[in-house]
Structure formats: C-alpha cells, structure tokens
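Respectively, the protein sequence lines represent chains Y and D. For the first sequence, the UniProt record's numbering assigns the number 1 to the initial residue and increments by one for each residue that follows. For the second sequence, the UniProt record's numbering assigns the number 1 to the initial residue and increments by one for each residue that follows.
Errors might be hidden in some of the hints.
[Claimed, not checked] Straight-line Cα separation of at most 30 Å, DSSO-like style, residue types lysine-lysine; simulated pairs: (1) K54/D with K20/Y; (2) K20/Y with K81/Y; (3) K67/Y with K24/D.
Derived by calculation from the structure, the hints in this document are not laboratory data.
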Amino acid sequence: MNLDYFTLIDRIVDLNLDEKRITVEAQVPVAHTIFEGHFPGFPIMPGVLLTEAMAQSSGWLILGVLKFERMPFLAIVKEAKMRGFVSPGSLLTIEAKLEHEGSGFAVTKVKGRIGKELKCSAELTFGLAPFPDPALRVHMDAMANKIGFPLQAITHD
Amino acid sequence: MSSTFDQIANIIAETCDIPRDTIKPESHAIDDLGIDSLDFLDIAFAIDKAFGIKMPLEKWTQEVNDGKATTEQYFVLQNLADRIDELVAAKNAAPGA
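Full structure from sequences and hints, please.
Have a look at this one:
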C-alpha cells in the first residue's frame, strides 16, 4: 500500500475472468501518519480506506472484464461492514466477484481477510465510462504492470 | 403474478424510499418521482436481476441525447414496463433460451 498516493493494492494474486473474480493482496504499512491520529495508542486502518481497498480490487476486476476499454468509477457503497480491526503491518487478502454487469454500470461483492479471518465486506456499484483522459489510461497501464495484472488474461479469449 | 409495472413500482419504492401509492403507470421516473441517475443505477440493477435482462440504459440515453427518442418513451413507468416486456420476450425468443 502506498497511502500517500492512494494506491492500496500491491499485487494481483489471481484473476479469473471466466468466473469473474479476482484475488489481490494489500500490505498495510507498519507506520504512517494516518495511524498517529487513527488512533493514538491504538492504530488501525480507517474503514474508509478498507472500503477504498475493496473498491480498487473490484476496479481491477472490472478493468479485466472490460479489457481496459472503460474506467470504473465508484458510485454506490452498500452493506459496507468493518468486521474487525486491521492493524499496521497486516497483510490483507481481498477477493472481489462481479455480481452484475449492467449497461454502463457494474456491481461487485467484495471481502477482505487477514489470514482466514474476515475483516471487511461490501457490495459496490461502479459507473463505467470511457477513459476521460489519455493520461489516466497510461497511468492504469503502468499500475497494471506494477501490480502484476495478467495481461494475457485479456488478450486471449 | 404481479404485472411488470407493479414489479417496477415495488423496486422503485424500496430502492428510493418513495411511497408505493404515489408511483403510477403515468409517472415519469425523473420528472415526477425525482429519481436521479445514481438512484437509477440501483433501480436498473434490481430490474436486471428481477427480470434476468440487461436494460440498455446507455443506448436509451444516447437515443434521447441524439433527439431520436424522448425521455417519456423510456422513463414513463408504463412505457418502461413495456420496454422491459419486450426485452424479456426477446430473451425468451433467443436461441438457447
């Protein structure tokens, strides 16, 4: 995780486009100024960041399903549940499944775990739009490469 | 079995917290019920799931923007129900349905 740049996903562990699901890992940093305020003496990942991590996981899944032809933008957060504390230094494993691909939107169900312990879950809806700026597409390609997005998964049907 | 309109009205009432008895076949989803695009995403998801279809919202929106259709054709609820019935019929008529 690079919290300063809001990149919360470190690597894609598995992307299964037939089953429309993804598994990613996100390493929570051992130290960050966020933990100094949230909370003094009891540092934990804020729920909004766990929600964002679930959204980014879903986003990579949707990008894969759509073969990077459109960019997913988070629109609706439902049933977001923070089921346990996530401490600095934890390794989060997040699994997202595409629940529905509609016309111009997509819905995912996501779960985040530490080990086998479920820590967070949500149902997320994304609006799907053409990339609004070429620079964003370039950035997403670079990020995909960085986190090990399996490009062969979208080049072979 | 309830009508397509009734199913849509129930979905809208539940999704948007609008009293069910104010939702009429002649209601315009946007102009009369005040449903915005974000709420409509939720409604579309529920309708897609309930009827096993994929409402072509983007195509409809494009047609309205291009002046080839009016919002009434798609967003007056009885008309929306008719469009959904057509989509369901097309799905059932498709090979392998």
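Here is how each hint holds up against the structure:
Only pairs whose Cα atoms come within 30 Å are accepted, and K54/D paired with K20/Y is accepted, the gap being roughly 17 Å. For the hint pairing K20/Y with K81/Y, the CA-to-CA distance comes to about 22 Å; that is within 30 Å, so the pair holds. With a CA separation close to 41 Å, the supplied pair K67/Y and K24/D exceeds the 30 Å bound.
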